[in-house]
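K.L.:
Order-wise, the sequence lines are chains A and B.
Counting from 1, one number per residue, gives the positions in the first sequence under the numbering used here.
Counting from 1, one number per residue, gives the positions in the second sequence under the numbering used here.
Hints in this document: simulated from the structure, not taken from any laboratory.
A few of these clues could be false.
[Unchecked claim] Some chain A residues flagged as far from chain B (calculated, every beta-carbon gap over 10 Å): (1) 46; (2) 57; (3) 115; (4) 123; (5) 178; (6) 224; (7) 232; (8) 380.
[Said to hold, decoys possible] Each pair of labels, with its calculated beta carbon distance range: (9) A:192 / B:136: 25 to 33 Å; (10) A:128 / B:136: 39 to 47 Å; (11) B:300 / A:227: 41 to 49 Å; (12) B:145 / A:70: 23 to 31 Å; (13) B:243 / A:70: 49 to 57 Å; (14) A:192 / B:300: 56 to 64 Å; (15) A:137 / B:72: 28 to 36 Å.
Quick reminder that beta carbons are idealized off the backbone N, C-alpha and C, glycines included.
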Amino acid sequence: MKPRWRIRLALLAMLTLTTASACGGAEEQAAPGATGGVTITMWTRAATQAQSERLVAAYNKGHKNQVKLTVIPTDNYQPRIAAAAGAGQLPDVFAADVIFVPNYTSQGLFLDITDRVGALPFKDELAPSHMKLGTLDGRTYTVPHTLDLSVWFWNKDLYEKAGLDPEKGPATLKEFAEQARAVDRKLGKDGKVHGTFFGGNCGGCYVFTFWPSVWAAGGQVMDAEGTTSFNDRPPMTDVFEVYRDLYADGVTGPTAKEEQGPTWTGFFPRGEIGVMPMPSTTLGTMPEDMKIGVAPIAGPDGGESTFVGGDSVGVSATSKNADAAWEFLAWTVSDEAQVEVMAKNKDVVARTDLADNKYSAEDPRVVLINSLVAKGQTPYALRFGQTYNDPQGPWLRLAREAVFGDPAKVPQLNTEVTKSLQQ
Amino acid sequence: MSVTLARPRSGPAHRPGPPPAPWWRGRRAQGWWYAMPTALIVSVLFVAPLALVVWMSLHRWPLLGPARFNAPDNYIKIADNPLFLDAVTFTLKYTVLTTILLSGLALGLALLVQERRPGVGFFRTAFFLPGAVGFAAAALLFYGMLNNDFGPIDPILQTLGITDEPVKWIGTPDMALFSTIGLVLWRFAGFNMLILLTGLQAIPAEVYEAARTDGASRLQIFTRITLPLLRPTIALMLILSVTGSLLAFDQFFVFTNGGPDNSTVSMVMVVYRDAFFRFDLGGAAALSVVLLVALVLLNVLQMRVLRGRGR
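Pulled out of the complex, with its shape left as it was, chain A reads as follows (with noise of 0.2 Å):
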């Protein structure tokens, strides 16, 4: 063979090659669905991974049509969503934090489902927090899709070894910070076992666990736009020196200040913490023989609220499978969705006209947490992640000065917060 033709059938081999190749990244995407029907994809947060992995079996196990689930670590969720929205790779069905939401369809990343949300009998049944971020303009783009509220855990044999009531949690802001201190002196002297604990490093655990003590208190974070912060008047600034004190005495873990958000509820379930926030997910995720309290966050002298997080779902904009995708999203808000998958599981239901059902009536803590939905509130602001979840966004520095460094640097990083938010 000549050289020249060897070259050229070289030439002609690669391209080969590579068309081939390309064209199969496109025949993996087309697979249809194992039972004949239409498979879904489906993306989720790994923070709601297990009810949204609950939903997807229990959807799959009794329907002709099939969901994929592709569950993506929480910190990466948000870039996830931007660069496959960006492709125009987004799957048909995606939930976001419920805070992000309002960034979302703004963006226009959702599919209009005003109708068919319209036609479902319980559509006022839906969780309203969810619901109203879910609304854009008088249409709707999304449904509850999980509810994660924001609680106090107490461990109740840390609480009989320190002398305190085991049965009876803290009611005030004050009395957290008591109990907290008393588990801590009692059995803190080895370094393993502490008061408290909080993520001090991680701008979306601050605003799930302080904040409520801010609504129970009868204050705001920010008004009713969202676009400007009162996060450096009282009851903000009293709660912020509540936490400070507990810091600055070594009530809290001494990694607190430190804490970025993926390990901070990991302390509660070894048994080293007396009283701390915690959501409400985590509770059916305890060990069986751990006995822990629940009770509703309070405001320094009283009060209760809760921060209704969680995820909303929606239809992609880009989706081509809309009708399969939104039968599976009307499944999941169901009445066996909602209470043989979630309220088995201990988890919130997403229907207030559910939370009254024959699991929930097991267990008080989770009658309690049920009953926090409508105390609770879930903040809403157009521009929230970039400026109080990004590590780099004003909200962290802020809460990190109060709580750590000068409080006198407060208002002035108030304004960036401000700021941020009008962007």
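Mind docking chain B on chain A? Use the hints.
P.N.:
What follows is chain B alone, placed relative to chain A:
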């Protein structure tokens, strides 16, 4: 050994010559054909994305929907971005420190394992081995090892009596910076050692022998022979180190997350944040273009200085 020479084929003396080849089969075109696969790959993977980034930087570019031309707004607002301006200062500081420490350590390691002695292969492999770990994985490994809650380093140091309490490895700005530099040294010293080793082994042994015969001391041999002859290799290492440090991302994103208090935010982290947290794709593209231009200029300057000295 036998050698066979091909004989030229004989033919009729006045046979008419072949018709001239078309342009695409000519000798000049052949060069273009050979270069085409590489040119195609470079065009698709570098030129086209670069053009797209420049185009994006001139627009307000939403995640979905049509872009709107807004030049030069994305470039003007860079001056109002305090996080980026702080990141420039921090990245330059990190680059200077890392380059000096990494070069010194790599040179020391290369000199240690330069000569062939029993067991030197083991040490060469051991020094290079961290380079086989993915950088993000290495950053995660350090995060776990140095974590105050579950990392093994603190208990070991305390057991040995070196420290009394857990060290805040990433708890203060200075500690976070030096812990990160420690990670980079661990990960890259072996790789840079390898680069320098190739340069060291290219220096003829006769030069060293001649120097020793002339009575040169070890220091004189190092400063008058090794370093001057190693200059091209050191230049390559410096360019790689400076460019890599200016584009630092993984180590800060995974290990320190930019903290504490935004003290370890690199320039690329700001680009990432603007694109994927703030969804300001046009602004992030403008930052990328500025960073690229600065890098190209710096590399040109570096090449000129290092080449000029080498002549």
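K.L.:
To test your reading of the hints: which numbers does this structure violate?
P.N.:
13
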